[in-house]
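Chemist: Sequence:
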Amino acid sequence: MQRLMRFGLSTLIAILPLGFRQLPAQAAEPVGQPAVSRLDVVYLQELLDRGDVVGAIQKVELGWQAQYESYYQGRLTTQLLDAAGISQRLAEMARLTGDRSALVYVIPTPNYLELMMVLPNGQPLHRRVTIKRTDLMQQVDNFKGTVANQLSTRAQYLPPAQQLYQLMIAPLEPILKENRIDTLIFCLGGGLRTVPIAALQDGDRFLVEQYKLAIIPAFNLLDARPVSLKNAKVLAMGASEFAAQVSLPAVPVELQTIATNLWSGEVLLNQDFTLDNLRSYRDQQAFRIVHLATHADFLPGSVQDSYIQFWDQRLSPNRFQEMRLNFPVVELLVLSACRTAVGDPQAELGFAGLAVMSGSRAAIASLWSVSDAGTLALMTEFYRQLRTANKSEALRQAQLSLIKPAAPLATIRNPSHPYFWAAFTVIGNPW
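Read left to right, the sequence shown gives residues 118 to 548 (this note's numbering).
Everything labelled a hint here was simulated from the structure, so no lab data went into it.
In this text, all values refer to a predicted model and were calculated from it rather than measured experimentally.
Careful: at least some of the hints might be erroneous.
Claimed, not checked - Per label pair, the in silico range of CB-to-CB distance:
(1) G320 with R244: 17 to 25 Å
(2) G168 with D319: 39 to 47 Å
(3) A361 with Q283: 40 to 48 Å
(4) R396 with S364: 23 to 31 Å
(5) I292 with L213: 57 to 65 Å
(6) L526 with F444: 35 to 43 Å
(7) R271 with Q388: 42 to 50 Å
What the hints assert, rightly or not - Derived DSBU-like pairs (lysine-lysine); straight-line CA-CA distance at most 30 Å:
(8) K521 with K294
(9) K294 with K350
(10) K294 with K249
Even for Gly, the Cβ is constructed at its ideal location relative to N, Cα and C.
Using the sequences and the hints given, assemble the complete structure.
Modeler: This is the structure in structure tokens:
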């Protein structure tokens, strides 16, 4: 794997294969102590005060890369783009894919919410919202608590959804419309990485009704090459029974539906769902989509406390490279029964870094464990849409199918509730 490269503010090179390598034991950061403060928000605010948005973006990119390296106890290979290079890359993606994407940084500081945005072939811009971090986090907790509770009412989850929309999206809205942006790629600061952004609401429509959405750990950790999944094979693996966790009885139907009815692929269930089988099947055939229907938890504490549950073992995030998803590259990793501890900085780093650390170009995972029926309905529609749409649009259409179902869903009483669709997020390459 390539060594981490040193660079200056204006360095711009072609995309490199992104990846991860384990630090030698003597060089590793202390376990359980991610560098959650590596981004100096005081200095960031000073840069923005004097109008240096380019320098501020560079500061964020470097600071967040250091956070992920510290948490995962490894080094990241990276592309080297400054704000102008990111803008050029977004313009290139628009030419290649037809999607006009904006990169949006949303960063809480003690007294402000700092919004920075990079557009295709445009100068980066900055908007500042006055709100104390403590007040913002209280709103975030309220929002998450209501949308993740399927018993909450519209009167309970819409007000916080609208409040956060006004803070995070409304200041940028005129520019987004003026530039005909249809895809938002979010780089979120601490405390915001597990916000279910699809469920932000402008008073009339949810954000996912307006844009394709994705979150990334940092743009320079993103493999931004567009890919087509046409004719891709699916390796669908999972478990319906667990020794010490709740069962997932819909998993066999989910796997068969995806890998047999909607796509071509292989199904490995229960005792066949092992890390060794994942690697051996991938050695025999280049499955470009890997779907894991199993418990996956991103938890507080050290990186070893989080895991993906295989039949015979748990795989912690700092061992994700053992799945060998980067050779050949898996274009999409799906975790359909994932959950993430709300408001915890370590858990946030595990969730938002999933694609980079696993070696896949993109991942889809959930912020909370959605009901079996809800997961099956959304995943079925997602894979149906994926035959003709890119990853972010396929997920968007699947979410819209629950927000405004064409017909009543016998298995879900209230599918329009954000609990059933807002948990699922594209992490990494949205194209």
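Chemist: Mind checking the hinted window 35 to 43 Å against the Cβ distance between L526 and F444?
Modeler: Holds - the Cβ-Cβ distance for L526 and F444, about 40 Å, lies within 35 to 43 Å.
Chemist: Is the hinted range of 40 to 48 Å satisfied by the C-beta distance from A361 to Q283?
Modeler: Given range 40 to 48 Å: holds, Cβ gap about 43 Å.
Chemist: Is K521 within 30 Å of K294, Cα to Cα?
Modeler: Holds. K521 to K294 sits at ~24 Å (cutoff 30 Å).
Chemist: Does 57 to 65 Å hold as the CB distance between I292 and L213, or does it fail?
Modeler: About 23 Å separates the Cβ atoms of I292 and L213, which means 57 to 65 Å is violated.
Chemist: Do the beta carbons of G168 and D319 sit within 39 to 47 Å of each other?
Modeler: violated, 29 Å
Chemist: Is it true that the C-beta distance of G320 to R244 lies inside 17 to 25 Å, as the hint says?
Modeler: Hint holds: Cβ distance 19 Å, inside 17 to 25 Å.
Chemist: Just to be careful, I want the Cα atoms of K294 and K350 compared with a cutoff of 30 Å; is the pair within it?
Modeler: Given pair K294, K350 is violated - Cα atoms ~37 Å apart, limit 30 Å.
Chemist: Is 42 to 50 Å respected by the C-beta to C-beta distance linking R271 and Q388?
Modeler: holds, 44 Å
Chemist: 23 to 31 Å was suggested as the range; check whether the CB atoms of R396 and S364 agree with it.
Modeler: holds, 26 Å
Chemist: Compare the distance between the alpha carbons of K294 and K249 with 30 Å, and conclude whether the hinted pair is satisfied.
Modeler: Judged against 30 Å, a Cα distance of about 28 Å means the pair holds.
In this structure, the hints that do not hold are numbers 2, 5, 9, in rising order.
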